[in-house]
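Following the hints, complete the assembly by docking chain B onto the known chain A.
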Amino acid sequence: MFDTLLGVSFTLLALWAVLGTLYRIVTWVRTPSPLPIPLTPAPRTRLGVVGRLCLEIFLFRALARANTVTWVASILFHYGLLFILIMHMRFFFAYLPGWLIPFVVWSGWAVAAAVVGLCILLLRRIIVDRVRYISSPSDYLHLVLLLCIVLSGYALKRHWPVNTSTVGEFLRGALSFQWQPLPDGAVLVIHLVFVLLLFFVFPISKLLHGVGIVFTPTLNQRENVSVSVATKKGEHSS
Amino acid sequence: MNTPDVQGVADQAQVVGRYKVIPLIQEGAGESFNTAVAESDVQESLGLPGTLVDDWHDKAIARLGQLLKERRGLRVFMDTCTKCGACTDKCHYFLGTHDPNNMPVARQDLIRSVYRRYFTWAGRWFPWLVGARKLDKNLLQQWYTYFHQCSECRRCTVFCPKGIDTSEVTMAGREVLASVGLGQQYSQEIITKVKSVGNNLGMKPRALADVLENLEEDILDETGIPVRLPLDEEGADMLVVTPSADFFAEPHVDGLIGYAKVLHQAGIHWTFSSEASEAANFGLFTGQHDHMREIALRIRHAAMGLGVNRIVIGECGHAWRVAYSFLDSLVGPMQFLSKEHPRAEHICEVTHQLLQQGIIQLDPTRNEGVIVTYHDSCNVARGSGMGNVANGQLTIPRELLKASVPGFVEMSKDTVGQTTFCCGGGGGLLTDDLMDIRIKGSLPRAQALQAVVNSDQVTHLVAICAICKTQLSSVLPHHNLVDVRVTSLHHLVGDALVLT
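Protein chains in written order, with the numbering used here: chain A, 1 to 238; chain B, 239 to 738.
I should point out that these hints are in silico values taken from the structure, not numbers from a laboratory.
Bear in mind the structure is a predicted one, so any value in this text is a computation, not a measurement.
Where a beta carbon is used, it is the ideal one built from N, C-alpha and C, also for glycine.
Be aware that one or more of the hints could be misleading.
Selected chain B positions facing chain A (Cβ under 10 angstroms, derived; list incomplete) [said to hold, decoys possible]: (1) 322; (2) 338; (3) 359.
Just chain A, same shape as in the assembly:
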C-alpha cells in the first residue's frame, strides 16, 4: 500500500516536473521579444550562439569572470551531481552495462565534490553580507534539500545497501505506470521523499535556471542580423 503510494507519487511528480518545465518554456517562447538585446560583442551566426551558450552552460564562463570561489563551488556541485545522475541510470537497466561501471565505482568522489560545492555555496550565502542580503529562506532550503538528497543517497550506498535490481524495478514501474514494490528500508524512503520534493519544487522555482539560460535573449540572440546580411553581400570587404 505504502509502496504503491510512493510509486504513484513518483509517477505524478515526475510528470509534474516535466510538464511544469515544458509549461514554463512555452510561456517564455510565446512571449514576444520585440527588440534584439544581445550582449555584445555577440556571435553573428547560429553556430556561434550555440558555442556561446555551451560555454555558459558547461563552463559557467560568466561566473568564472565574476567570482572564483563561487565558480569552483558551482563546478564541483553541478558536475558532482551530473556524475551521480548518470550513475543512477543503472536503475534503468536490468543488468549493469559496462560503460556505467566507472560511474558506480567513482560515485563516492562525485558525492564528495557535490557536498563540498554545496557546503561552500551555503557558507557563502551565510557569511558574505552581500549574498546574505539577497537570500530568501528558499535559497538556503534549495541547497539544504540537495545536500539531504546527496547525503541520504550516500548513506544508502555505504551503510544501508539496498537491492538495486528491486529499486530499478520500482523506478521503471513508476515511469511505465506499472507500479512495483520498493525494497524495505527507512533511509531509502527518506532519500526518495527528498527527491520527490525536488521534483515538486523544480518547475516552480529558480532551479529552472539551467533551462532558462537557453531562452535568455542577451545570450541567445545574434548581433544585428541585417549587418550580417550586408556583409554577405560583399561590401565593406576588408
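Frame of chain A; chain B shown alone:
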C-alpha cells in the same frame, strides 16, 4: 555640491585601485538621492497621468503583467536568477554608494519580489519562503529611487551566469512608474522636447542654423578652409544625426567640427536635419517603446524627405545602440538607403573606412604631447557593434585614436572593453538633482583613470558618447582629476586630419 559626501568620495579617489575592494553593505545609504518626479503637464503631454493615480496599486500590477507578456527578456530574467551573488560587486553605483539595493540582483528583486507575489504560485501562497512582497507605497518609493540609480549600462550582465540584463528590469520599472503618474522630470521633459522641436535641447531650426553658420566661420578663421556644416540640404547623399549637445556643449562641439572636417576632406555631400536634429533617444531610458519608436521614426522621415542614401550617427552611445540594434525593428528596413550602406553607420566607422581607403590622412604629430586613454561607452561596448567586423565597436575607435595621437594608453583591463565601467551619468541620470549619485557612480572610472594618469601621464580621456563627455567633465574634478581633458574622439581626429 560641496557636501561632506562629495569630499569623502574625492578623498577615496586618491587611493588608486580601491574599486577592487568590495565594500560592506550599508542599508539605506543611497535612499536619499532622488530625482524630481515629472510635472503633471509633462506627463499629460505624453498621454500619462499627471500625478500618482488613486488606484496606483492595481494599475501598476496590471502594467507589470502586461510588460511580462510583451517582453521575453523581462519574463525569463524574473524566473532564472539563482541569487548566486556574482553581480553583487559589479555595479559602479553599489561600489560608490555601498547601498545593497544598488547590487544588480537586489535592484531586480525590487520587481522580482512583486512578480513572485502576484504572478507565481509559490509567491502567492508562501511569500515569506520565496521573498515575495506586496507592492506598497514604501516599495513603490524604493522603485522610484533605485530604478533611477541604474544607468542601464549592462555591466552586471557580463558577469551574470544566466545573462540577466538589469537594464531591462530597470526600464520595466520606470515604465510602470510613469504609467501610474511617477515619470522622471528630466527624461520625460526631454522626450516632450524632442517630439515637439526635434531635439533634446528644444533648439529651434533658426537657432541651429545660426550655430552652424558661426561654427563654419570659426573653422574658416582657424584653418583658412571653407568647411561646411550644412542644414536641411536636399539632395545630399548623407544625413548626419548627432546628439544635440554636439552643437554647442564643450567638449562635444569640437567633435562636431571633426566630423565636418573629415566629411569635407572626403568630399562627401552631407547634411544635418532640423527635423532629426537629435540622435539621442530617451525612450530607451524610460523603457517606453512607443516613444522610442516615435523618436526613431523622425530619423527615417527626415532621411526620406531629404532624399539621402546614407544615415550616419554621431558620437552618442545609446543613440548608436538604438540605431545599430533597434532601428530595423522600430521603423522597418530602410530600403531607400544605398546598397553599399544599407543601415545606419557610426561616424567612427565612416572615418575609419575613409582612412583605410586612403581617402583621408591623419598625422599624429599634429597632436603633439597628447597622451590619450579611451573610455568605452557602455551602450557602444555592450549594446552594439561597429563596422561589420567582430569587436569593431572596441577596435575601430582605438585604431582611429592611435592614428591621430602620439600616445595611447589602456586603462586596467576590467574597466574597459566589454567590462567597461559606466561614466556614472547614463540612462537618464545626467541631471543636476542626481549629482551626488553621479559622483559616487563615477568612482571606479575615476580610479582607473587616476592609475594611468599616475603611471603614463595621460592628458586626455576620450569618449564617443555625449553623456559620457558631459558627465566625466563635470565629475572628474570631484575626484581631484583636474588636469585630464575629456575630449571627443573626432576632435583629435579633426586636429590630426590633413586638411586641404
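Against the structure, the hints:
Interface restraint check for residue 322(B): the shortest CB-CB distance to chain A comes to about 6 angstroms, inside 10 angstroms, so the restraint holds. For residue 338(B), the suggested interface contact is upheld, since its CB lies about 5 angstroms from the closest CB of chain A, less than 10 angstroms. Nearest Cβ of chain A to the Cβ of residue 359(B): about 6 angstroms, under the 10 angstroms cut. The hint holds.
In summary, the structure agrees with every hint in the numbered list given earlier.
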